[in-house]
Amino acid sequence: MWKRLIKRMLLVGALLIASLGATAFWAHRETKKVPEFYERAIATPPPRDVAESIEQLECDVQQLQDDVARPGAWEARFAAEQINAWLIDQLPKRFPRLKAKGLQEPRIVIDDGVLMAAARFKDQRLDAVLSCELRVQLTDKPNRLAIAIDQIRAGALPLPVSQFKNRIKLIASKLNLNLQWETRDGESIALIDVPEQYPQHTEGALIIESIELGDHQLKVSGQTGDLQTSTFSPQGAVYILAQLDDEPESDSTHPTRDPNPDGLPEQTAPRGL
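According to mature numbering (1 follows the signal peptide of the UniProt record, and there is no 0), the stretch in the sequence shown is residues -24 to -1, 1 to 249, in order.
Be aware that a few hints might be false.
[Stated by the list, open to error] Distance condition first, Cα-Cα at most 30 Å in a straight line; then the derived DSS-like pairs of lysine-lysine: (1) K141 to K98; (2) K69 to K195; (3) K69 to K98; (4) K117 to K9; (5) K117 to K150; (6) K75 to K150; (7) K69 to K9; (8) K75 to K141; (9) K77 to K98; (10) K195 to K141; (11) K117 to K8; (12) K8 to K75; (13) K117 to K98; (14) K8 to K77; (15) K69 to K141; (16) K69 to K8; (17) K117 to K195; (18) K9 to K98; (19) K150 to K69; (20) K77 to K141; (21) K150 to K98; (22) K195 to K150.
Calculated directly from the structure, the hints in this document are not laboratory data.
Kindly produce the complete structure, drawing on both the sequences and the hints.
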């Protein structure tokens, strides 16, 4: 009896080990796959004049900063090609810790309401392309954005968004952005409050009225004026926030700062980005 029981236990153990081994092999194989959009982005030649594209992007950002500081309507467009030029040339220079930690060849693709981002991550434990998809909507509250984060993957291996929530929130706090999480229909939504006023802006409040992702560009528009007299008129689909009795997941307005979050130095984002 005991001999038969031991044999059965050994058989179960062997089958379990074989199953785990097959799962590990499958997971390893999945991490080696490369997203199709990333392959296309890497294969796309950079702009003929990378420095000129970067300069134009930073000028456009500076122009937007100047425009939102004055009362009236404003609009800005940022091409994916220009953003990729900045990522290729400037990101390693301005954030060397990211490169030191194994981040290589970051790229974005903007198409049909989705921003797809990916980069190769290579260190002693992992060599894979990490990617995600972002969708941005205005909400029914002025200047609160709803960002759906989908398809976080290492190669083709899905990774749970929950694994990254705290880190994303810490990075947002470094950029002085209030971020809360909301889960709706099984999807993780990052709710980010864009400040209505900045210290150097004294002529009115900034109100975002439209954010569009399409035609290989990011387009944002809105107005600056008196909140008491301005009418919030969001354009496009609007994300309806949870009611007061169903608040989003939230820690605090000012979450604890990480003294050294992965790859992000103490300085704020580089000029214009």
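Indices of hints not satisfied (ascending) | 4, 11, 13
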